[in-house]
Amino acid sequence: MTTAANHADHAHHGHHPKGLAHWLTTTNHKDIGTMYLIFAFTMLLTGGAMILGVRAELFQPGLQLMQPEFFNQLITLHGLVMVFGAAMPAATGLANWMLPMTIGAPDMALPRLNNWSFWILPPAALMLVLPFFLGLAGIGPGAVDTGWTMYAPLSIQTGWGMDFAIFAVHMLGVSSILASINVIVTILNMRAPGMTLMKMPMFAHGFLMTAGLLILIMPVLAGGVTMVLLDRHFGTHFFNAAGGGDPVLWQHIFWFMGHPEVYVLLLPIAGAIPHVLSAFSRKPMYGYRAQVYSIWSIAALSLVVWAHHMFTSGMSVGGQLYFMYSTMLISLPLAVLFFCWIATVWRGSVSFETPMLFALGFVILFGWGGLTGLVLADAAAVPQYHNAYFLVAHFHYALYPTTVMGAMAAIYYWLPKWTGHMLDERLGKLHFWTVIVGVNLTFIPQFFVGLAGMPRRIPDYPLMFAEWNMLSSTGALILGISHLMFIYIVIKCVRGGKKAEASAWEGATGLEWTVPSPAPYHTFETQPVVK
Amino acid sequence: MRGLIKVGLGVMATLGSMAAWADYSWNFPTPVTPIAHETLEVHNLFMIIITVIFFAVLAIMLYSMWAHRKRDGHQAADFVKPNSRKQWAWVMVPFAALLFIDYVVFGIPAYHAVLMYEDTKTDADMVVKVTGSQWLWEYEYPEEGVKFTSRLVTPRTQVMNVDPKGEHYLLEVDNPLVLPVGKKIRFITTSNDVIHSWWVPAFGVKRDAVPGFLREFWATIDTPGVYRGQCAELCGKEHAFMPVVVHAVPEAEYREWLASKKSGQAQLAASTDQTWGKDDLMQTGADVYAKSCAACHQPDGKGLPPAFPPIAGAAVASTAFMDAEGNMVKGGHLDTVMNGRTGSAMRAFKEELSDVEIAAVVTYQRNAFGNAAGDLVQPLAVKSLR
Numbered sequence: 056m057t058t059a060a061n062h063a064d065h066a067h068h069g070h071h072p073k074g075l076a077h078w079l080t081t082t083n084h085k086d087i088g089t090m091y092l093i094f095a096f097t098m099l100l101t102g103g104a105m106i107l108g109v110r111a112e113l114f115q116p117g118l119q120l121m122q123p124e125f126f127n128q129l130i131t132l133h134g135l136v137m138v139f140g141a142a143m144p145a146a147t148g149l150a151n152w153m154l155p156m157t158i159g160a161p162d163m164a165l166p167r168l169n170n171w172s173f174w175i176l177p178p179a180a181l182m183l184v185l186p187f188f189l190g191l192a193g194i195g196p197g198a199v200d201t202g203w204t205m206y207a208p209l210s211i212q213t214g215w216g217m218d219f220a221i222f223a224v225h226m227l228g229v230s231s232i233l234a235s236i237n238v239i240v241t242i243l244n245m246r247a248p249g250m251t252l253m254k255m256p257m258f259a260h261g262f263l264m265t266a267g268l269l270i271l272i273m274p275v276l277a278g279g280v281t282m283v284l285l286d287r288h289f290g291t292h293f294f295n296a297a298g299g300g301d302p303v304l305w306q307h308i309f310w311f312m313g314h315p316e317v318y319v320l321l322l323p324i325a326g327a328i329p330h331v332l333s334a335f336s337r338k339p340m341y342g343y344r345a346q347v348y349s350i351w352s353i354a355a356l357s358l359v360v361w362a363h364h365m366f367t368s369g370m371s372v373g374g375q376l377y378f379m380y381s382t383m384l385i386s387l388p389l390a391v392l393f394f395c396w397i398a399t400v401w402r403g404s405v406s407f408e409t410p411m412l413f414a415l416g417f418v419i420l421f422g423w424g425g426l427t428g429l430v431l432a433d434a435a436a437v438p439q440y441h442n443a444y445f446l447v448a449h450f451h452y453a454l455y456p457t458t459v460m461g462a463m464a465a466i467y468y469w470l471p472k473w474t475g476h477m478l479d480e481r482l483g484k485l486h487f488w489t490v491i492v493g494v495n496l497t498f499i500p501q502f503f504v505g506l507a508g509m510p511r512r513i514p515d516y517p518l519m520f521a522e523w524n525m526l527s528s529t530g531a532l533i534l535g536i537s538h539l540m541f542i543y544i545v546i547k548c549v550r551g552g553k554k555a556e557a558s559a560w561e562g563a564t565g566l567e568w569t570v571p572s573p574a575p576y577h578t579f580e581t582q583p584v585v586k
Numbered sequence: 006m007r008g009l010i011k012v013g014l015g016v017m018a019t020l021g022s023m024a025a026w027a028d029y030s031w032n033f034p035t036p037v038t039p040i041a042h043e044t045l046e047v048h049n050l051f052m053i054i055i056t057v058i059f060f061a062v063l064a065i066m067l068y069s070m071w072a073h074r075k076r077d078g079h080q081a082a083d084f085v086k087p088n089s090r091k092q093w094a095w096v097m098v099p100f101a102a103l104l105f106i107d108y109v110v111f112g113i114p115a116y117h118a119v120l121m122y123e124d125t126k127t128d129a130d131m132v133v134k135v136t137g138s139q140w141l142w143e144y145e146y147p148e149e150g151v152k153f154t155s156r157l158v159t160p161r162t163q164v165m166n167v168d169p170k171g172e173h174y175l176l177e178v179d180n181p182l183v184l185p186v187g188k189k190i191r192f193i194t195t196s197n198d199v200i201h202s203w204w205v206p207a208f209g210v211k212r213d214a215v216p217g218f219l220r221e222f223w224a225t226i227d228t229p230g231v232y233r234g235q236c237a238e239l240c241g242k243e244h245a246f247m248p249v250v251v252h253a254v255p256e257a258e259y260r261e262w263l264a265s266k267k268s269g270q271a272q273l274a275a276s277t278d279q280t281w282g283k284d285d286l287m288q289t290g291a292d293v294y295a296k297s298c299a300a301c302h303q304p305d306g307k308g309l310p311p312a313f314p315p316i317a318g319a320a321v322a323s324t325a326f327m328d329a330e331g332n333m334v335k336g337g338h339l340d341t342v343m344n345g346r347t348g349s350a351m352r353a354f355k356e357e358l359s360d361v362e363i364a365a366v367v368t369y370q371r372n373a374f375g376n377a378a379g380d381l382v383q384p385l386a387v388k389s390l391r
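In order, the protein sequences belong to chains C and S.
Taking the working numbering, the leading residue of the first sequence gets 56, the next gets one more, and so forth.
Taking the working numbering, the leading residue of the second sequence gets 6, the next gets one more, and so forth.
Note that these hints are calculated values from the structure, not bench results.
Check before you lean on any hint, since a few could be wrong.
Said to hold, decoys possible - A partial selection of chain S residues facing chain C, derived with a Cβ cut-off under 10 Å: (1) 70; (2) 200; (3) 287; (4) 312; (5) 333.
Claimed, not checked - Using 35 Å as the maximum straight-line C-alpha spacing, the simulated DSBU-like pairs for lysine-lysine come out as follows: (6) S:75 - C:254; (7) S:75 - S:152; (8) C:73 - C:553; (9) S:86 - S:170; (10) S:75 - C:547; (11) C:254 - S:91; (12) C:484 - S:86; (13) S:75 - S:91; (14) S:75 - C:586; (15) C:554 - S:75; (16) C:553 - C:484; (17) S:126 - S:188; (18) S:75 - C:484.
As the list claims (entries may be wrong) - Every beta carbon over 12 Å from chain C, so not counted as near; a handful from chain S, in silico: (19) 56; (20) 189; (21) 227; (22) 281; (23) 289; (24) 305; (25) 321.
Don't be surprised by glycine CBs; every beta carbon is placed ideally from N, CA and C.
Start from the sequences and build out the full structure, keeping to the hints where you can.
Here it is in structure tokens:
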């Protein structure tokens with residue numbers, strides 16, 4: 056994603072530092088978007104390498120490669136790194152690149168804030184994983200090992216890797232709140248003349264809701280981890296029953312953040328995918344208003360269903376019924392989105408370039424993730440699914456197709472705009488089919504092994520689960536390899552390829568396709584007018 | 006492409022051959038309680054419904070991808086919302102169907118199931134208290150005064166792949182929970198340290214054990230047998246190694262077991278009143294250490310600092326544990342073992358171990374791993390300090 060070719064046209068703006076100093080001080084949304092995406096992908100590979108270690112250990116029953124305490128660090132870091140390091144920054148990277156371009160703005164509204172919100176991330180990530188590498192070197196107890204949910208009192212009891220995780224969460228929270236403020240201000244103030252909220256690209260709608268949710272939920276998590284910190288070191292008893300506290304309070308705080316977080320990850324992708332589906336069906340988006348209202352209702356509902364993660368923690372009958380029925384309610388706006396996505400493709404003139412394949416793959420696999428979520432809403436049946444591999448398979452079907460496949464669909468779709476080159480379709484398709492084999496081979500066996508009774512987060516398991524685990528580990532290896540193909544395809548596209556035109560895809564519509572490919576360093580110096 | 010097909014066929018063949026294994030597990034185990042029967046029914050119904058929805062939608066999508074291909078010259082339509090009555094029907098029918106599935110097909114049975122699940126008190130015949138500890142289960146029959154701990158017996162050599170793994174690898178314990186069939190059992194859960202979760206899939210129940218709080222569930226087992234499960238909430242490093250094993254037996258057999266358990270406890274009480282010699286204490290202490298202490302403090306007493314400090318060479322193991330008047334030294338060796346250390350992973354063993362076991366293990370720790378305090382702890386002293 057080079058912008059080197061475009062540096063000439065901004066030279067008249069004065070002196071710009073070169074090299075590392077350029078990247079440290081840049082306030083350009085494209086540069087920052089690129090850094091976000093590179094950071095997210097580095098984290099995806101880090102979290103992926105960790106889970107490959109886990110899957111290697113789970114390939115056979117017995118402990119072959121690691122001790123349980125190390126295994127627990129791997130699963131915990133995998134979760135935290137993927138959610139906070141890979142999925143959220145990838146979406147923010149896309150937003151940085153595409154929001155100004157799709158709404159006709161020259162840049163993000165608050166460029167310096169933008170720089171800062173990115174540069175908080177690498178130290179935060181370092182903070183999170185540092186105890187892990189220190190532990191490998193024989194220093195200290197290793198990284199946080201409580202599972203990404205950090206349930207108290209286990210998180211009170213564990214070693215100082217937890218303290219590092221707490222401060223990392225604080226920094227990640229600051230970063231996403233700053234980025235969210237920037238997104239909201241940009242969308243509300245910098246739209247091209249004539250672009251009303253209801254003419255705005257769906258991508259902007261998705262990210263607007265994500266940003267709003269983040270501002271509501273990240274402070275809650277920050278407060279929660281601070282309470283853990285106080286319990287650990289300053290003698291408070293927020294989560295210690297012996298001192299009048301309540302361990303389950305942590306679960307409420309965590310899931311008040313954790314459940315909307317799922318939609319934080321989904322909504323930017325649910326905003327981007329309709330553009331891809333519409334472009335390759337050569338047909339306008341179906342049900343624009345219905346989609347916008349659905350995104351709004353999903354965001355609102357996501358804030359009031361959190362305790363369906365806690366049905367086995369013990370809850371009043373009224374509480375269980377409320378959280379069960381309100382959870383089911385979310386399936387309705389989601390169904391509207393699916394309907395609109397499918398109706399967008401219906402009777403179009405459909406072609407299957409790589410971005411379209413990933414978008415369709417997202418719709419189908421995420422559909423299965425959503426349907427399995429429906430059974431998990433049943434408070435009475437959930438004891439059989441909860442904290443078993445069925446749950447693991449369910450949320451990976453919900454999160455992998457969105458945060459990874461959906462983001463890849465969006466990246467492949469806009470890549471010609473960023474690099475000025477078309478991507479290698481043959482390799483792109485190979486990448487897609489590798490992902491499809493990998494993701495299904497990894498997670499389908501996990502449904503079965505979960506129903507058979509395998510709990511999650513165990514480094515060793517009874518013999519009856521052996522074969523499914525072997526299949527799942529094989530799938531994970533294939534999935535891991537597919538990500539390396541992605542790097543190769545993107546680098547190849549950056550370096551060269553067929554020249555992309557301003558409107559790189561035949562059916563693509565939107566302001567971003569009216570500027571040359573690659574897009575100039577400052578996209579719209581005069582605002583376009585939307586009629 | 007041909008390569009892909011070969012891989013696909015290979016995977017199908019593997020799956021096919023596995024499905025042929027009669028005892029292969031891929032769905033819930035045979036249910037043996039009312040809740041488990043209900044859950045399995047709802048689960049099977051729902052798997053069918055969501056599978057049908059999934060493949061119906063997939064079929065529509067595949068049809069569209071096939072029939073509306075650009076390659077075959079299909080011209081794009083330009084509709085963006087429902088325009089006719091027929092199209093409105095297309096929009097509303099799936100929506101109404103989902104609403105119906107959510108709140109009628111699914112919602113009504115779920116309502117009754119939740120009420121059934123939570124009705125722990127009506128006609129309950131007996132109570133069993135389940136306490137989670139890192140990393141074992143403690144069972145108590147409050148009405149009978151019977152109490153014991155239940156922990157994994159699979160040897161570490163099997164886990165580390167030195168010895169071949171047995172049939173019930175990781176699902177075998179020293180003292181299983183024994184329960185009568187046909188009785189409504191009210192379970193009460195709690196925990197000594199972190200949150201655990203008691204789960205037996207054949208019972209269809211899973212409930213967290215939360216320190217400082219009581220949670221409830223119930224089960225009426227309809228078939229005698231051995232039922233196995235595992236802890237389902239990450240509770241630290243040995244989380245994978247604290248299984249649940251339940252022996253469900255006819256009532257007469259249960260009574261018999263209860264009587265033998267009670268006489269065993271009476272014998273133990275008698276042995277508490279004797280004065281023990283060093284060799285007996287050290288021998289018993291070594292056994293207790295191996296099952297209760299070694300997971301954290303390690304078999305060689307060197308611990309895993311900083312979470313699990315060493316006992317070898319520890320100051321606490323050489324200084325006095327009782328003062329001249331026979332009172333407990335606060336923070337001393339015996340106090341630490343009996344009452345735990347707040348703010349650390351060291352929990353209280355007072356409830357979990359008997360007087361003899363505590364006396365023996367403290368004696369052992371003070372005189373093993375190169376420690377040479379030389380003194381003995383008598384079970385009677387422990388009893389008096391409770």
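(request) Would you list, in rising numerical order, the hints stated earlier that this structure does not obey? (result) 3, 5, 7, 9, 19
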